[in-house]
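Given the structure of chain A, go ahead and fit chain B onto it with the hints provided.
As given, the protein sequences belong to chains A and B, one line each in that order. For the first sequence, our numbering begins at 174 and goes up steadily by one. For the second sequence, our numbering begins at 174 and goes up steadily by one.
Bear in mind the hints are in silico, worked out from the structure with no lab data behind them. Among the hints, erroneous ones may be present.
What the hints assert, rightly or not - Here are the computed distance ranges between Cβ atoms for each label pair:
1. A:Gln496 / B:Thr277: 44 to 54 Å
2. B:Ala219 / A:Arg199: 15 to 25 Å
3. A:Pro237 / B:Asn462: 52 to 62 Å
4. A:Ala289 / B:Gln334: 38 to 48 Å
5. B:Pro237 / A:Phe486: 26 to 36 Å
6. A:Leu470 / B:Gly471: 52 to 62 Å
7. B:Ser390 / A:Leu470: 49 to 59 Å
8. A:Glu274 / B:His397: 20 to 30 Å
9. A:Gly471 / B:Lys324: 14 to 24 Å
10. A:Asp492 / B:Ala219: 56 to 66 Å
11. B:Ser189 / A:Asp492: 33 to 43 Å
12. B:Ser189 / A:Gln460: 34 to 44 Å
13. B:Arg375 / A:Pro359: 44 to 54 Å
14. A:Thr353 / B:Pro307: 16 to 26 Å
To be verified - If you want the footprint, here are the derived chain B segments under chain A, 3+ residues with CB under 8 Å:
15. 199-212
16. 219-232
17. 255-265
18. 296-306
19. 323-330
All values derive from a computational prediction rather than experimental measurement. Every residue gets a Cβ at the ideal spot worked out from N, C-alpha and C, and that includes glycine.
There are 2 protein chains.
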Amino acid sequence: MASLGEFEFIDQFLRSQAAQGQPFYRHPLALGIGDDAALMPPLDAAEQVAVASDMLIEGRHYFPDVDPRALGHKVLAVNLSDLAAMGARPLGFTLSAGLREIRTQWITSFLDGLFALSREAECPLIGGDTTAVPQGGAEVFSVTVLGAVPKGSALRRDGLQAGDDLWVSGHLGDAAYAVTLKSTDPKLDWPQPRIALGLRLRGLATAVIDISDGLQSEVMHLLHGAAGRSRAPAQLMATLCWQDVPIGPRLRQAVSARQRDDHEAVCIAITGGDEYELLFGASPHEQSNIRDIGRHLGLALTKIGSVASSETFGIDWRDAQGQPLAADWQQRLHNGGFRHF
Amino acid sequence: MASLGEFEFIDQFLRSQAAQGQPFYRHPLALGIGDDAALMPPLDAAEQVAVASDMLIEGRHYFPDVDPRALGHKVLAVNLSDLAAMGARPLGFTLSAGLREIRTQWITSFLDGLFALSREAECPLIGGDTTAVPQGGAEVFSVTVLGAVPKGSALRRDGLQAGDDLWVSGHLGDAAYAVTLKSTDPKLDWPQPRIALGLRLRGLATAVIDISDGLQSEVMHLLHGAAGRSRAPAQLMATLCWQDVPIGPRLRQAVSARQRDDHEAVCIAITGGDEYELLFGASPHEQSNIRDIGRHLGLALTKIGSVASSETFGIDWRDAQGQPLAADWQQRLHNGGFRHF
Numbered sequence: 174m175a176s177l178g179e180f181e182f183i184d185q186f187l188r189s190q191a192a193q194g195q196p197f198y199r200h201p202l203a204l205g206i207g208d209d210a211a212l213m214p215p216l217d218a219a220e221q222v223a224v225a226s227d228m229l230i231e232g233r234h235y236f237p238d239v240d241p242r243a244l245g246h247k248v249l250a251v252n253l254s255d256l257a258a259m260g261a262r263p264l265g266f267t268l269s270a271g272l273r274e275i276r277t278q279w280i281t282s283f284l285d286g287l288f289a290l291s292r293e294a295e296c297p298l299i300g301g302d303t304t305a306v307p308q309g310g311a312e313v314f315s316v317t318v319l320g321a322v323p324k325g326s327a328l329r330r331d332g333l334q335a336g337d338d339l340w341v342s343g344h345l346g347d348a349a350y351a352v353t354l355k356s357t358d359p360k361l362d363w364p365q366p367r368i369a370l371g372l373r374l375r376g377l378a379t380a381v382i383d384i385s386d387g388l389q390s391e392v393m394h395l396l397h398g399a400a401g402r403s404r405a406p407a408q409l410m411a412t413l414c415w416q417d418v419p420i421g422p423r424l425r426q427a428v429s430a431r432q433r434d435d436h437e438a439v440c441i442a443i444t445g446g447d448e449y450e451l452l453f454g455a456s457p458h459e460q461s462n463i464r465d466i467g468r469h470l471g472l473a474l475t476k477i478g479s480v481a482s483s484e485t486f487g488i489d490w491r492d493a494q495g496q497p498l499a500a501d502w503q504q505r506l507h508n509g510g511f512r513h514f
Numbered sequence: 174m175a176s177l178g179e180f181e182f183i184d185q186f187l188r189s190q191a192a193q194g195q196p197f198y199r200h201p202l203a204l205g206i207g208d209d210a211a212l213m214p215p216l217d218a219a220e221q222v223a224v225a226s227d228m229l230i231e232g233r234h235y236f237p238d239v240d241p242r243a244l245g246h247k248v249l250a251v252n253l254s255d256l257a258a259m260g261a262r263p264l265g266f267t268l269s270a271g272l273r274e275i276r277t278q279w280i281t282s283f284l285d286g287l288f289a290l291s292r293e294a295e296c297p298l299i300g301g302d303t304t305a306v307p308q309g310g311a312e313v314f315s316v317t318v319l320g321a322v323p324k325g326s327a328l329r330r331d332g333l334q335a336g337d338d339l340w341v342s343g344h345l346g347d348a349a350y351a352v353t354l355k356s357t358d359p360k361l362d363w364p365q366p367r368i369a370l371g372l373r374l375r376g377l378a379t380a381v382i383d384i385s386d387g388l389q390s391e392v393m394h395l396l397h398g399a400a401g402r403s404r405a406p407a408q409l410m411a412t413l414c415w416q417d418v419p420i421g422p423r424l425r426q427a428v429s430a431r432q433r434d435d436h437e438a439v440c441i442a443i444t445g446g447d448e449y450e451l452l453f454g455a456s457p458h459e460q461s462n463i464r465d466i467g468r469h470l471g472l473a474l475t476k477i478g479s480v481a482s483s484e485t486f487g488i489d490w491r492d493a494q495g496q497p498l499a500a501d502w503q504q505r506l507h508n509g510g511f512r513h514f
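The following block holds chain A by itself, in its conformation from the complex (with noise of 0.2 Å):
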């Protein structure tokens, strides 16, 4: 177990890295690491801040062979990614985080990866926890990051309308796939939160959510948050194209070289977890500006199909004649799954 005067050293560390070159250290109201609490820059007066908090456990996340910068990278990536989800533009960040012991070289870098991506998100640390676990105990590392929207402008998973597209950014599949293969991939150990994009939806997507548990599931989650809107008119269902599921570089390539059939390549995509992509609901009319959107960011947004109200109620999977998969995809898809593979 390390010394307390190792942790002390870590503060101090983290107090430095914290501060550099981050606006947030330079507002006379600011705080930073080492009082009782930190406090944040005044708001706009329109504005209101939105938080969001995830724990990353080793053998549970990740394990002790690790990249440590991509961990680092990772544990932040995963909390701006829901602040992109919400149109909010980061503010800071808390970590807490236990640890068996202080490896030097390890937490060095560790500590490069996490900094890089918030200087680059301008979403500095502000203070947290550094304690000790028992023998044996896994490492944990804890992140909450605050951000700010303007008042009643934030995207919410509720917002979804009958008639709304439903579109992807970025592609899917090669961070499980990478899992299947036990391999890495940037997708998989470099998550890029779509913060930019989360911004530019603001006003103009209904309903957003971030892909952290599959395609399949957070279209569910879409429907289900307009099903439990208090105003929801009828039931939703989704037609979504399966074609249309923008496939990752890998994957693809592994189609190509027939490792991997068609339908097996979408099953991975569209239920794999791990891909930190947004997924939005936005009218027919916006199709253009979110098409202009995409060019301007460089970034792929796909339509992948559209919701209408229905009887029924869920995910109906076409083919890009508009026929109905075959019943055992069908199947393969609702069970949620490559595992089965």
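Okay, now just chain B, sitting in the frame of chain A:
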């Protein structure tokens, strides 16, 4: 390991409990558990946000046989104590929990303790994360609490002025004494965050800190805070009367029963952690205001000494006659402790 279904049950349970009786959940722009992020009701234009995070780890901060109600109370209380020390009013908190398994009875008791304090402090649960820890891993609870404070009025650690009196709330030592006896005590298990006191110290106290590491150590934090200020004049020396330190009733009883002597009791009170009282500095002109606040809150507020500009830096412990403490006791205090007895 608990199944996903059980964790979903917990999420549902949390959601219904979190909202109960909390004004937060009635605000039209607020959003609690269930979306990608929570949304705080907009602040008053004159306010800024304070944020603190604390993590409790099994085997480190508590043992598996802990009273789960007390643990639920404590994980929120230690965070609220940080807000109290900033003079902030609580807004809400997130809870991330890593659990080995779902023990329904245990979790229900834990949440009873958590939500009782949450309602009392009008500080609702607004989000978080629940995950399974690997077999054999330590359980972990990580809380981040948000508060609001008038712009520029937060009670910081770095404001102590030469001439200030030093005060402590409540009484000290019973928590640490319970630990030495391997026993329990309300001070140890049910710490009361001094939120109402913190609010009343705004504009009155020059510097405030909560006593989590022991009085001696926190006085040093305030002295270092003042020294670290760019506008700091000279060094500060605190002259404190050890007989004025308010000793807890249980420790006082042990002295009466001659199980402990005076010096030893004070030593426990001065060096013991886990007290969660407030230590603060204030101008001597504020003495009667401070005594009024104490009477109004029904909370003992005790002046234990004062600070002055000095060639030297640190704490000078005196007795009621102004005589320096015997060298061996000075040494024991500076070594931090009752552990040596």
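Against the structure, the hints:
no., hint, verdict
1, A:Gln496 / B:Thr277: 44 to 54 Å, "holds (47 Å)"
2, B:Ala219 / A:Arg199: 15 to 25 Å, "holds (22 Å)"
3, A:Pro237 / B:Asn462: 52 to 62 Å, "holds (56 Å)"
4, A:Ala289 / B:Gln334: 38 to 48 Å, "holds (41 Å)"
5, B:Pro237 / A:Phe486: 26 to 36 Å, "violated (44 Å)"
6, A:Leu470 / B:Gly471: 52 to 62 Å, "holds (59 Å)"
7, B:Ser390 / A:Leu470: 49 to 59 Å, "holds (50 Å)"
8, A:Glu274 / B:His397: 20 to 30 Å, "holds (27 Å)"
9, A:Gly471 / B:Lys324: 14 to 24 Å, "violated (39 Å)"
10, A:Asp492 / B:Ala219: 56 to 66 Å, "holds (59 Å)"
11, B:Ser189 / A:Asp492: 33 to 43 Å, "holds (42 Å)"
12, B:Ser189 / A:Gln460: 34 to 44 Å, "holds (40 Å)"
13, B:Arg375 / A:Pro359: 44 to 54 Å, "holds (49 Å)"
14, A:Thr353 / B:Pro307: 16 to 26 Å, "holds (21 Å)"
15, 199-212, "holds (count 8)"
16, 219-232, "holds (count 12)"
17, 255-265, "holds (count 6)"
18, 296-306, "holds (count 7)"
19, 323-330, "holds (count 5)"
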